[in-house]
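Trainee: Under the numbering used here, the first residue of the sequence shown carries the number 1, and numbering increases by one thereafter.
Keep in mind the hints are simulated off the structure, nothing from the lab.
Hints may be right or wrong, so weigh each one.
[As the list claims (entries may be wrong)] If you anchor each label on the Cβ, the simulated ranges turn out as follows:
#, residue 1, residue 2, range
1, N66, N102, 16 to 26 Å
2, D247, S100, 32 to 42 Å
3, G112, E40, 12 to 22 Å
[Stated by the list, open to error] List time: in silico DSS-like cross-link candidates among lysine-lysine, alpha-carbon distance up to 27 Å:
#, residue 1, residue 2
4, K166, K68
5, K212, K36
6, K131, K161
7, K79, K135
8, K131, K52
9, K52, K135
10, K107, K52
11, K68, K161
Heads up, the beta-carbon is just placed ideally off N, CA and C, and yes, glycines get one too.
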Amino acid sequence: MAGKAKKIILGTGAAFLVLVLAAFYIVAFHMGAIVKHGIERFMPSITGTPVKVGSVSCSPFSGHINVKDFIIYNPEGYKSEYAFNVKEFTLTVNVMSVLSNNIFIHKILVDGLSVSYEQGLTGCNLTDIKKNIDKLSEKDTSKEKTPTEKTSEETSPSTEKRFQIKEFDFQNSSVAVSTPVTGGKGISLPLPLPGIHIKELGMKDGNGVTGKEMATVIFAEIIEATVDAVRKSSVNLNSDVLNSLEDGGKEMLKKSGEMIKDIKNLF
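Can you build the whole structure from these sequences, using the hints too?
Mentor: Here it is, written out as structure tokens:
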């Protein structure tokens with residue numbers, strides 16, 4: 001009788017193990033699609049424009065994620081095909097940290113960022129995207145209330161995912177410049193952008209940064225690199241529009257400065 005009970009227990013345990021492994025395999029197999037869907041759903045809330053991802057591959061054991069053909073499209077009214085097009089970026093995540101609210105990322109490497117800078121008479125596509133990001137920040141700020149106004153739900157610990165990033169690098173980046181007159185076509189060969197190296201984002205106080213805060217830092221750095229490249233080129237553009245974009249980028253960097261230990265533009 002005892003032997004029969006033992007067999008039942010062992011059989012049940014084996015069946016449970018098979019189910020767990022099968023569930024893990026299914027999740028791992030579909031992880032790329034889950035991440036792809038998450039990016040395409042989350043990013044438009046930040047940029048205010050459509051976002052598309054070509055493919056995502058994930059290795060749940062190593063924490064390695066590879067994203068290809070990541071495109072942020074332009075706001076309405078612009079002729080160029082996109083605002084940003086990333087050929088590929090990879091990130092290595094601490095697997096166990098994914099289970100917590102503070103995700104630790106060892107490194108993100110962005111390879112082949114193409115920026116499309118389209119300048120109109122009074123503005124440009126990058127400025128319009130910046131305005132969308134600013135609106136989001138203002139919306140978050142407006143939600144803050146005095147202690148007496150907060151509800152019990154608002155005073156409970158936040159479950160929003162936060163991130164700590166050890167290294168964030170850009171390489172092989174470029175910017176194409178266009179105007180309405182050219183119908184979104186580049187008026188010069190793509191201009192190389194300086195490399196960008198961000199260290200210890202969200203690690204200064206150990207609290208991490210939200211996805212929105214991370215996007216603000218990255219976008220500000222791209223603006224700074226883009227303005228620098230365009231200014232050094234022979235392309236003739238409306239300097240007031242370029243100055244406005246530059247000032248906006250500096251403002252974003254100033255606001256995000258406390259979240260980063262070190263940022264370096266590598267020329």
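Trainee: State for each hint whether it applies.
Mentor: Quick rundown of the hints versus the structure:
1. N66 x N102: 16 to 26 Å: 23 Å, holds
2. D247 x S100: 32 to 42 Å: The hinted range 32 to 42 Å holds for D247 and S100, with Cβ atoms some 38 Å apart.
3. G112 x E40: 12 to 22 Å: Once the Cβ atoms are compared, 20 Å apart, the range 12 to 22 Å for E40 and G112 holds.
4. K166 x K68: Within the cut-off at roughly 22 Å; holds.
5. K212 x K36: Satisfied, since the Cα-Cα distance of roughly 18 Å is no more than 27 Å.
6. K131 x K161: Cα-Cα ~24 Å, so holds.
7. K79 x K135: 24 Å, holds
8. K131 x K52: 21 Å, holds
9. K52 x K135: Given that 27 Å is the threshold and the Cα spacing comes to 22 Å, the pair holds.
10. K107 x K52: 22 Å, holds
11. K68 x K161: 23 Å, holds
The structure is consistent with each of the numbered hints, conforming to all of them.
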